[in-house]
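Knowing the structure of chain A, use the given hints to seat chain B on it.
As a plain string of letters, each chain reads:
Protein chains: 2
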Amino acid sequence: MEKIHVVLGVDIGGTNTAFGLVNADGKCLLKDKISTQSHKPVEAFFERLFTQLRQMQRQTKSEFVIKGAGIGAPNANYYTGLMENPPNLGWGTVDISHHINQHIKVPVVITNDANAAALGELYFGAAQKMKHFLEITLGTGLGSGIVVNGEVLYGSNGSAGEMGHVIVVPDGRLCSCGRRGCLETYVSAEGIKKTVLEYLEASQTSSILHKKDSAEITSKMIADAANEGDALALKAFDFTGKVLGKAAADAAAYFSPEAFILFGGLAQAGELLLTPTRASFDRYVINSLKGKVKILPSGLKEDEAAILGAATLAWHEFFKTN
Amino acid sequence: MEKIHVVLGVDIGGTNTAFGLVNADGKCLLKDKISTQSHKPVEAFFERLFTQLRQMQRQTKSEFVIKGAGIGAPNANYYTGLMENPPNLGWGTVDISHHINQHIKVPVVITNDANAAALGELYFGAAQKMKHFLEITLGTGLGSGIVVNGEVLYGSNGSAGEMGHVIVVPDGRLCSCGRRGCLETYVSAEGIKKTVLEYLEASQTSSILHKKDSAEITSKMIADAANEGDALALKAFDFTGKVLGKAAADAAAYFSPEAFILFGGLAQAGELLLTPTRASFDRYVINSLKGKVKILPSGLKEDEAAILGAATLAWHEFFKTN
Chain A
10 MEKIHVVLGV
20 DIGGTNTAFG
30 LVNADGKCLL
40 KDKISTQSHK
50 PVEAFFERLF
60 TQLRQMQRQT
70 KSEFVIKGAG
80 IGAPNANYYT
90 GLMENPPNLG
100 WGTVDISHHI
110 NQHIKVPVVI
120 TNDANAAALG
130 ELYFGAAQKM
140 KHFLEITLGT
150 GLGSGIVVNG
160 EVLYGSNGSA
170 GEMGHVIVVP
180 DGRLCSCGRR
190 GCLETYVSAE
200 GIKKTVLEYL
210 EASQTSSILH
220 KKDSAEITSK
230 MIADAANEGD
240 ALALKAFDFT
250 GKVLGKAAAD
260 AAAYFSPEAF
270 ILFGGLAQAG
280 ELLLTPTRAS
290 FDRYVINSLK
300 GKVKILPSGL
310 KEDEAAILGA
320 ATLAWHEFFK
330 TN
Chain B
10 MEKIHVVLGV
20 DIGGTNTAFG
30 LVNADGKCLL
40 KDKISTQSHK
50 PVEAFFERLF
60 TQLRQMQRQT
70 KSEFVIKGAG
80 IGAPNANYYT
90 GLMENPPNLG
100 WGTVDISHHI
110 NQHIKVPVVI
120 TNDANAAALG
130 ELYFGAAQKM
140 KHFLEITLGT
150 GLGSGIVVNG
160 EVLYGSNGSA
170 GEMGHVIVVP
180 DGRLCSCGRR
190 GCLETYVSAE
200 GIKKTVLEYL
210 EASQTSSILH
220 KKDSAEITSK
230 MIADAANEGD
240 ALALKAFDFT
250 GKVLGKAAAD
260 AAAYFSPEAF
270 ILFGGLAQAG
280 ELLLTPTRAS
290 FDRYVINSLK
300 GKVKILPSGL
310 KEDEAAILGA
320 ATLAWHEFFK
330 TN
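Just so you know, the protein sequences line up as chains A and B, in that order. Residues in the first sequence are numbered from 10 upward in steps of one, following the working numbering. Residues in the second sequence are numbered from 10 upward in steps of one, following the working numbering.
If we strip away everything but chain A, and leave its shape as in the complex, we get (with noise of 0.2 Å):
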């Protein structure tokens, strides 16, 4: 029997947390996923994860070696090992290679799910062969994984990389972070949402927006209703375009960066929030750098980035060290 070589690929997510075995060349070979909340305390979690994996790679006609796991995950250092006190899980503070090792021994890396998904990019995606680049990933919030010289921008602490929270409108939307005026206020699925409800609230525009519970709105319900020409969604994506262009710009400043590389649940939105974010990108966006950056859409599938994303952590370290 053939033997091929894999790694664990793990996303834990708020909701649910989807795992995989993904060869080197970017397969997802197996895939599965589990309830990440209902699973307490935390070794029953990785106990059902493990029992699952086991019951697939039985029912294969493949033998899997695997080399080493990549976990994506909420404040998950990629220093210390540790997913630090994870909002809402209850859980506290897990070593997330220590539990792994319970069950198979294998090296470890963990990080957040957006330096996942630049890694996964890099390889894999539309960042192929680039070696400065931002991942911007929007989904509730918006959270950024920085690759500078081919590596990601991991900082002092483990927590570079936090694009949602520069603040782009003084005193402006409360974030979940506890300040004000955040990017991920305004750029992200909730910001979109909150963009739509002002201009609901403040105009008589017909819009049919209009005629929805105002808490059922989603990011995708703005979109249908822009791709309709609804002239109220399509002004809420030009607005959030604009501020994203913007703090690109001041972020090219630093970084000098090859592209800016939009995933996630709003960016699949795709030329509605591409076009007005590249044009405020080259009205701000320092001369040297005119017409030099690209703001791409993701080159990965929605559904395997995440694990490919995880996946791709234990790839990277396994090609730097062998």
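I should point out that these hints are in silico values taken from the structure, not numbers from a laboratory. Please read all numbers here as calculations on a predicted model, not as lab measurements. Careful: at least some of the hints might be erroneous.
[What the hints assert, rightly or not] Some but not every residue of chain A turned toward chain B, in silico, with C-beta under 10 Å:
#1 Lys140
#2 Gly164
#3 Ala260
[As the list claims (entries may be wrong)] Below, in silico cross-link-like pairs of lysine to aspartate or glutamate (EDC-like), each with a Cα-Cα straight-line distance of 20 Å or less:
#4 Lys255/B x Asp180/A
#5 Lys255/A x Asp180/B
#6 Lys301/B x Glu93/A
#7 Lys329/B x Glu160/A
#8 Lys203/B x Asp247/B
#9 Lys138/B x Glu160/B
#10 Lys12/B x Asp34/B
Cβ atoms here follow ideal geometry from the backbone N, Cα and C, with glycine treated the same way.
Structure of chain B alone, referenced to chain A:
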């Protein structure tokens, strides 16, 4: 006769060029300067520099072995080795390595003065043993040299580290780069002078600076006035520090650095600038970094820092490859 291993450090400024021989301990063993602008074409400039260097060498009893040359210069690109059409020098684009090698056959490394200062700080100044920090040079403008993982961040095209050109006030003061509201229009020797002139125009507050011809006011005069308790001058430093601390808070979200290090004329005001900068940084920085990032004065001697920084460029490459 003892042979002493040194590198040649050259800091090409708009008016003067300082150069010297620096050993691996960061000691500047010989130094001199020549006028930059009065030498055209550029061949005449390098001819003069090496003539003076040979003259100095003849006057010492030591024998120097020059292992390399490091050059800090405006628009100097680390990757290409070209000084790209530096403003006001009338030299066009200069292949520095080519010109140096007409006189001495050694490896040549070039970059701008802020990146050179950052390396000097890393080896011999306030950033020793750090791996992640931002050097901020406060001269006529604001330059920055960013160190990540112990290496200067040059970015995709050599122009990374332009913190002076992040936009801090939309539609704010006109910048020499052609845009508006760049950080350096507020935080620099010119920036604080503009702030003082605005205050003088707008207010009747008594200030010893009212007595000066506005064209003659310098950042040194403003610091002297502030040190004598002049309220208007103190207010200008508070404002300058507030703007710098807020911009540094955003930079910290990207880089998670150990420190920001302030260098150059305006930074010599010391606590006048450091205190409000630290207060503003603490107010605006993301919670996970509160209390963890130092804001420090440079540890380099002002009169040798430029030569030392340039020389360190060459030593750094030498240490990496030997």
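Results for each hint:
1. Lys140: 7 Å, holds
2. Gly164: Holds, about 3 Å.
3. Ala260: 7 Å, holds
4. Lys255/B x Asp180/A: 12 Å, holds
5. Lys255/A x Asp180/B: Holds: Lys255/A and Asp180/B sit about 12 Å apart, inside 20 Å.
6. Lys301/B x Glu93/A: 17 Å, holds
7. Lys329/B x Glu160/A: 18 Å, holds
8. Lys203/B x Asp247/B: Holds. Lys203/B to Asp247/B sits at ~14 Å (cutoff 20 Å).
9. Lys138/B x Glu160/B: 12 Å, holds
10. Lys12/B x Asp34/B: Holds, at roughly 15 Å.
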